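A.B. asks: Here is what each chain is made of, one letter per residue.
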Amino acid sequence: MIESMLVFGLVNSAVLMLLALGFSLTFGLSGVANFSHGGIYLFAGYLAYFLLKMGLPYFIAVVLTIFITALLGAAIYKLIVIRVRGIVLNEVIATFAIGICMLEFFRWLGFVTYEYSLPYIARGRFTIFETTLDYQRSLIIVVALLLAVFLWFFTHRTKTGLALLGMAQDEYTALAVGIDSDWAATYSFAIGGAFAAIAAVMILPLGIININIGYEVLLIALAVTVLGGLESTKGLILACIILGYAQVITSTFFAPHWKEAVYLAAILIVLAVKPSGLLGKFKELEERV
Amino acid sequence: MKAGYRKERIDRGIKARADDIFAISSYREILYLTGPRILAVLALLIYPLLTDVTGAYWQTVAFIACIIALLTLSWNFLFSVGLVSLGQAYFFGVGAYFTGFFDRTIGLPPLYSIPLATVAGAILCTIIIYPVLRLRGIYFALITFALPLFLMRIIEATGYLGGTEGISGLQRLPGITFSLYVTVVIVLAVTFIFLRLFDTDYGLVLRAIHDNDMSVLAGGLNVQLYKAQAVFIAAMPATFAGALMTLHYRIVGMPAFAVEYSILPLTAAVVGGTGTFAGGVLGAFILVPFSELLRAFGTLRIVMYGIMLLFFVVGLPEGIYRFAQRKYFQFERIVPLEEKADEK
Amino acid sequence: MKNKELLKVTGLSKSFGGVKAVNNVSFTLYEGESIGVIGPNGSGKSTLINLITGFIKPDSGTVIYKGRNITGIAPNRAVNLGIARSFQMVRPFYNMEAYKNLIIPLYSPRVKKQLQGGNFGDRDEIAIQLLEDVGFERESQIPYKLTGSLPHGYLKRLELARCLCLEPDLVVLDELFSGMSMSEVASTVPILERILQEGRDMIMIEHRIRELFRIVNKVICLNFGKKIAEGTPEEVMNTKEVKEAYLGSEGESIA
Amino acid sequence: MKKKKALWGLLVALMLLSVWSISGCSPQEAPTQVASGEPIVVAIPTALGSIEGRDGVRAIEMAVEEINAAGGVNLAGEQRPFEVVTIDTREHEAGIPIHDALAALERIILTEEPHAILFGAFRSEVLLASMDVIAEHKIPYIVTTAMTPEMQTKIAENYDEYKYIFRMCLNAPYLVMYLNQMMGYLETEFGFNKAFIVAQDVLWAKGTGGGVEAWLNNNNWEVVGFDVYPTGAGDFSSSLTKARQGGAQVIVPIFDMPQSGVLVKQARDMEVPALLAGFISPAAPENAWDVFEGELDGLINFIFEIGPLPAEAVPMSIEFNKKFGEKFGESARASLAGHAPGPSYDSVYVLKEAIERAGSLDGDAIVAALEETDTYGVIGRIRFDENHQVVYGMDPAETALGGAFQWREPGVRVPVFPEMIAEDDIELPPYM
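Protein chains in written order, with numbering that gives the first Met the number 0: chain D, 0 to 288; chain E, 0 to 343; chain Z, 0 to 254; chain V, 0 to 431.
Treat the hints with caution; some may be incorrect.
Taking lysine-lysine and the DSBU-like style, the derived pairs with C-alpha atoms no more than 35 angstroms apart in a straight line are [to be verified]:
hint, chain 1, residue 1, chain 2, residue 2
1, Z, Lys144, Z, Lys65
2, E, Lys326, Z, Lys242
3, E, Lys326, D, Lys77
4, Z, Lys19, Z, Lys242
5, E, Lys6, Z, Lys144
Which residues of chain V face chain E? A few of them, derived with a C-beta cut under 8 angstroms, are [stated by the list, open to error]:
hint, residue
6, Pro96
7, Glu124
8, Pro229
9, Glu422
10, Asp424
Stretch by stretch, here's where chain D covers chain V in the computed footprint (C-beta under 8 angstroms, at least three residues) [claimed, not checked]:
hint, segment
11, 55 to 67
12, 239 to 253
13, 402 to 414
Hint data in this document are derived by calculation from the structure and do not stem from the laboratory. For clarity, every value in this text was computed on a predicted model and none was experimentally measured. Virtual Cβ for every residue (Gly too), placed ideally from N, Cα, C.
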């Protein structure tokens, strides 16, 4: 019992991380809470489904989906969010409105039937600590770690990454040293979109694509990002692990329908105790007198 | 526009800039100033009587518009104190469940259960949200977004207060006209009270907290306490709305915490103009009937609703009310073009 | 003539993630005395008074005020005990009229408690009176102007007015003169002297040492969070460490 | 100025749109009408965005078209055609307030003045809340989706107020009965005695799960566990692990949310050696086999009402599937939902016979006529009990029928339960 809980706790954490990475990256690097994250995630899912239906080979379809979704993310910023940049409330409402439009448009198109699903990347299973784990879920763990490492490397070691990080911490100083804030925000929206697409391609095959996932994904992304602390990737990883295992433990020992309450409770407790999240430093900066 | 003429805009504020005396020159200007306000109030008061003209359905739509107007008023009050709430459903749901609780356990008649639920709900909301009050900006918004969903899960998991089935068969309210009249009167009263409150010194303190809570702290005021009082005052109209809606539909269930009760008032506030009370009510009375009209479009309705929301947030950030107010006080005169001095 | 101790700070220190902003600072302030705090930029002056007035919680050390331990007290309770402070970066309420800014402190429990008994009249009247004391000319409608439109000098004096209307026992000023023109400084110094004559204490951080020494009778100097000198203005200026702190180690002696 | 023009242009366009919709353009119109005479209006207020809603409305439109083509309703000598009007209540989405659904119901009643309402509420809470609205307007109301048994208790308590409400789909107790019978059949066939129940956290699912658990407990079965998952849960590893640890031979899933597809795939991924037998909505349609990439073999899934599952013992069900395919196309037939289309199709015929028997469009007369209904439809024999619930049983000749099928290689749905319609015995899946 314990081994399977450990294994599936890790899988759950990896799923949470994949879902939250896109949102956390955009929020951390451009300061814009992209509430249309759920919509972008599902857009990638349906796009991949239709590309595959058109007969494209799997990997070309996946790469194309990631690229187009990144363009969508950039377009969302460039066309709409740029006009309300700075007014936090309007940013949140604008992105939330885009999210609703996308999700409900899919529903209007009739994507409500059960035939929408993505194929597994790799079939087959193997057993470790005598719990059987299928390749798809192990791939999710690997990809999640890869993305987290890439994100950390990108933001701390590459020129563009550091520029984005600088922009996130203090926009005016970053502007003063010549970083164009609109370019930075478009870039972070694009990468956020790409990460959402990767998450969709990895996680959606586990079940059926349905529209209400969009709202769930947004809630998960919010919980993990807030819990982990805004711009710290290490905080995000820690938060995913805590939440992932908390969910699996509650559903194993108590009852599964407490699962949802777990990450909502997590947000409330952490924010009340340490407003800037586990490892985040953002709030302290804001508090300076 | 004939050639050789141009429009000259004269910003003639009707009230000359003076602290305590009103310099208004003529009845015409008094009428001009108060006209729209009186018209709006009269329209609201007469509308419930036109049941046979408009039909019961549009009365219900007006009733829901008033309920959302109350939630928007509460949202605007919180906004003027600097607290951006994405979770009006939290106050609404608590008010609703208190009424359901009183009605089912003690069997209080609606006359007592509604005011009691309003006050008790407001107190409970303030107590739960108190530890989180010192958060600012997006953090407070995220918490309020999660609170109603959290309470919904608690009720769903514990099965307390009727669990997923909710409590049905509550006592009946006299009828749609009664409910509509009560909500119209309450909406007008709350708008008037909130406007008056913000002109007093107490209101000034609340506005100061919105501006810069550090210097209010340096002024010797316990900011946390004033924020808690502000949440209590703002919660009252919202819990009242929850209580009345529950008894009108005689059922309270988990949908009382539905995300829609958070999003609709937020949109109405933005469309109407954030921070203005009259703007919020105006926004609600534009939004709810409009989304009912869109119902003929079936599932496309929410897409158009989203597009409209996007249009107002991006196109008109100041909101209809402020836009109209600005336009209402501006006059334009056709003035002949001055010949260029050098031409002569 | 050592009369009663008003404020006793012992071993106060605070570090922000490895950076020791204030490092074991102690000093004592007696009633009727005023103390200046000088030191190069980033030496922890503002952090020190933030610790005293409770805006930041200290890592260690105690603050005793009138015999009562107020370490880490909530800022508003410190104000109500009589410690009024002004901010280095001016923090007025921008979209209100200038005199309305003073309504907030006048609404505080301290002012309400003090002005018990008779109806203390309209707060607006008191506010305009106070602004006039601080140099807002009433005839030219300056108190009625929107705060956002006032020049920086007036905003600084607005901060001072906010401290005064609390009838404080201890006034803490953080670089009041920075951003003020020479004439404004000249007109504000007598106000500060009048405060001292009324028997109130003052802690003043200032870079304009000439004006500072005319007002305060005792000075402490901070460098990298540590107290390197204490005493009368003349003594402090002549101590070696202070000169080094200001002019760097190879500086020759100044007059 | 250019930007201002764009804003005004968009605003005017939105206003035009809403004015056009005010003009009460009545929603989807039934296409062809042979019978003349003033139409009998039938309203459908339900969650058009759900699969059950979409297929149910299509089944009703198909039935209406057939009736109108055959001359419509013979009301006191006059040939009256049916006319269908629909409205979307968005009930199936999580977090939608009840007042939104009730407002839609009230709107369609007040603006269209229907003579009857078919398909009815999608969610149980909305059904309970709508009963008061229907009682007020006194319109015959036939439900074919929501399954809460509390509807019958309310009718029993005060008949006069709620007599207008009928239900043609099965309710939770009947589903429990079917599941129990099947568990009994499994016990006799394979000697299973350990079961694990997984249900969705909604009214009817928990009720059904509780019923099955009770029956299992006093029929010397061991209930290894009973887990309830919130709508939208994406990971079932904890229950599957408990099921395998406890050696459960049968897992009874009771879900009508798309996410339950994860349970089927995850059970196969974790190689849990148990037979999946219950109700999983994504595994009901015919095209589910390639959606799940063939990982369905051996799964026993319940079809609440026979309609969508063509079974030889009920010839009308085969005919229904064929006609549905012809009218809406092969892909629509392949994705036909397991719950709602059958009874929705029959409800139109039942209503037609009731109106003809009553000879008038008055609500009370139709209700009286409906109570004497005894006819054969796609779901078997249709008779209402005293609480206006269609009687379900094991024999299509006697009662209406729900049934189960088993997925077999090359993607075939073989009816296996109850015996009357079984075309083959239940086989154990290869991985067992």
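A.B. asks: Compare the structure with each hint and give your call.
C.D. replies: How the hints compare with the structure:
For the given pair, Lys144(Z) sits about 39 angstroms from Lys65(Z) by alpha-carbon distance, which is inconsistent with the 35 angstroms threshold. Of the supplied pair hints, the one linking Lys326(E) and Lys242(Z) is violated, its CA atoms being roughly 63 angstroms apart against a limit of 35 angstroms. Only pairs whose Cα atoms come within 35 angstroms are accepted, and Lys326(E) paired with Lys77(D) is accepted, the gap being roughly 30 angstroms. Restraint check: the Cα-Cα separation between Lys19(Z) and Lys242(Z) comes to about 22 angstroms, which is no more than 35 angstroms; the hinted pair holds.
Simply put, Lys6(E) and Lys144(Z) have alpha-carbon atoms about 30 angstroms apart, close enough for the 35 angstroms limit, and the pair holds. Among the interface hints, the one on Pro96(V) holds; its C-beta lies about 4 angstroms from the nearest C-beta in chain E, closer than the 8 angstroms criterion. Checking Glu124(V) against chain E by beta carbon gives a least distance of about 5 angstroms; that is within 8 angstroms, so the hint holds. Because the beta carbon of Pro229(V) sits about 7 angstroms from the nearest beta carbon in chain E, less than 8 angstroms, this interface hint is met.
Proximity of Glu422(V) to chain E is violated relative to the hint, the smallest CB-CB distance being about 38 angstroms (cut-off 8 angstroms). At its closest, the beta carbon of Asp424(V) sits 38 angstroms from a beta carbon of chain E; the interface hint therefore is violated under the 8 angstroms criterion. Counting residues of the segment 55 to 67 of chain V whose beta carbon lies closer than 8 angstroms to any beta carbon of chain D gives 0, which falls short of the minimum of three for the stated coverage. Check result for the segment 239 to 253 of chain V against chain D: holds, 3 residues qualifying (beta carbon to beta carbon below 8 angstroms, three or more required).
Counting residues of the segment 402 to 414 of chain V whose CB lies closer than 8 angstroms to any CB of chain D gives 0, which falls below the minimum of 3, so the coverage claim is violated.
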